[in-house]
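Protein chains: 2
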Amino acid sequence: MRLLEDKIRQDGKVKEGNVLKVDGFLNHQIDPMLMEELGREFYRLFADYNVNKILTIESSGIAIAIEAARFFKAPLVFAKKAKTKNIDGDVWSSEVMSFTHGKVNTVIVSKKYLGPEDRVLIIDDFLANGAALNGLIDICTQAGAEVVGCGIAIEKGFQPGGAELRNRGIRVESLAIVESMDASDGSITFRH
Amino acid sequence: MRLLEDKIRQDGKVKEGNVLKVDGFLNHQIDPMLMEELGREFYRLFADYNVNKILTIESSGIAIAIEAARFFKAPLVFAKKAKTKNIDGDVWSSEVMSFTHGKVNTVIVSKKYLGPEDRVLIIDDFLANGAALNGLIDICTQAGAEVVGCGIAIEKGFQPGGAELRNRGIRVESLAIVESMDASDGSITFRH
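Sequence lines, in order, name chains A and B.
Position 70 (the first sequence) corresponds to 104 in this note's numbering; numbering is contiguous.
Position 122 (the second sequence) corresponds to 156 in this note's numbering; numbering is contiguous.
Just chain A, same shape as in the assembly:
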């Protein structure tokens, strides 16, 4: 998506260690007009799939996901990071490794809000190793819900998460796929 690629080139910062900082418009300060366009594009891509639920994970996926939910006229459910190790029987749960923070989070979704009647579009801001998406897909599987696909703002195409998900037959639509980036000169190449 040209609009997002242009924004990444303009305001994104490439840092050492394959870090792409987009906290000026995506995951700390957020551009609401851009979020609306991302939501509109996810709707265009998945409009024919009878999506009746949007699923994301707190926190930085929520702004994109609520915009998508608005276009689909479907509720958004966001998975929460559990505050305690004692998970009761009222929730679906999965373990998600956070590479950014070097720890494993248990993420939970109330059984009230995800079940076999749901056709789910999973939305997130980033796809790199796929840990968060795999956790959300695991939760959908436990719930008997059908994952119609994943809508991602920015995929790091040089990390394995996207390829692994597509190899499992899951439709993954990333609006910008970074093929490579270079912290020494700040350059970014997108896959088309």
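Rather than coming from a laboratory, the hints here were simulated on the basis of the structure.
There may be inaccurate statements among the hints.
Copies of one chain are not kept apart here, so a pair can be met inside one copy or by any two copies together.
Stated by the list, open to error - Capping the alpha-carbon separation at 27 Å, the derived lysine-lysine pairs in DSS-like fashion look like this:
| id | residue 1 | residue 2 |
| --- | --- | --- |
| 1 | LYS137 | LYS47 |
| 2 | LYS41 | LYS146 |
| 3 | LYS117 | LYS137 |
| 4 | LYS137 | LYS115 |
| 5 | LYS145 | LYS55 |
| 6 | LYS137 | LYS49 |
| 7 | LYS145 | LYS107 |
| 8 | LYS41 | LYS55 |
| 9 | LYS146 | LYS107 |
| 10 | LYS146 | LYS117 |
| 11 | LYS115 | LYS55 |
| 12 | LYS107 | LYS47 |
Fit chain B to the supplied structure of chain A, relying on the hints for placement.
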């Protein structure tokens, strides 16, 4: 706001210990059409205040705040709960007591995204003791930003946060103010 009051009466659950569960439409599963109407109402209330930034705190304020931000055509900044006790000099920070989880969180906002040029509308889903709002106001004060007001979805009018803020001269607009509620019969009375 009648629409929100009706939704609370219909889908909210009153629990022992002054707990109002609205996780069916506000803070776990989220109704995007309702969020849009809340955003529109905050815009109506604060349209003449030259708001140029919306500020909230992760996670459950984000969905409302991005809708408000869209109407104001202003960026949203969400304060993050710090993952470490070591806060560097690039952020404004404040301590926020979470009564729900019984612990103190350090919340941070990058200095890049909040400064003296900002006229800030603070948005959150709930106001009870006012801990989160006071933390966000403290951060604005540190940044030299002007708080034009606070827009809240649901205020627990029988807890002191709202009155304390208004006594300090801060404009607080809560779209539904719960005057009292009763777990024994699930009844809720709103202040008008």
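Hint-by-hint comparison with the structure:
no. : hint              : verdict
1   : LYS137 <-> LYS47  : within (25 Å within a copy, 34 Å between copies)
2   : LYS41 <-> LYS146  : between (38 Å within a copy, 17 Å between copies)
3   : LYS117 <-> LYS137 : both (14 Å within a copy, 11 Å between copies)
4   : LYS137 <-> LYS115 : both (12 Å within a copy, 16 Å between copies)
5   : LYS145 <-> LYS55  : between (35 Å within a copy, 15 Å between copies)
6   : LYS137 <-> LYS49  : within (21 Å within a copy, 33 Å between copies)
7   : LYS145 <-> LYS107 : within (21 Å within a copy, 36 Å between copies)
8   : LYS41 <-> LYS55   : within (12 Å within a copy, 39 Å between copies)
9   : LYS146 <-> LYS107 : within (19 Å within a copy, 35 Å between copies)
10  : LYS146 <-> LYS117 : within (19 Å within a copy, 30 Å between copies)
11  : LYS115 <-> LYS55  : both (23 Å within a copy, 18 Å between copies)
12  : LYS107 <-> LYS47  : between (34 Å within a copy, 24 Å between copies)
Hint check: no violations occur; every hint is consistent with the structure.
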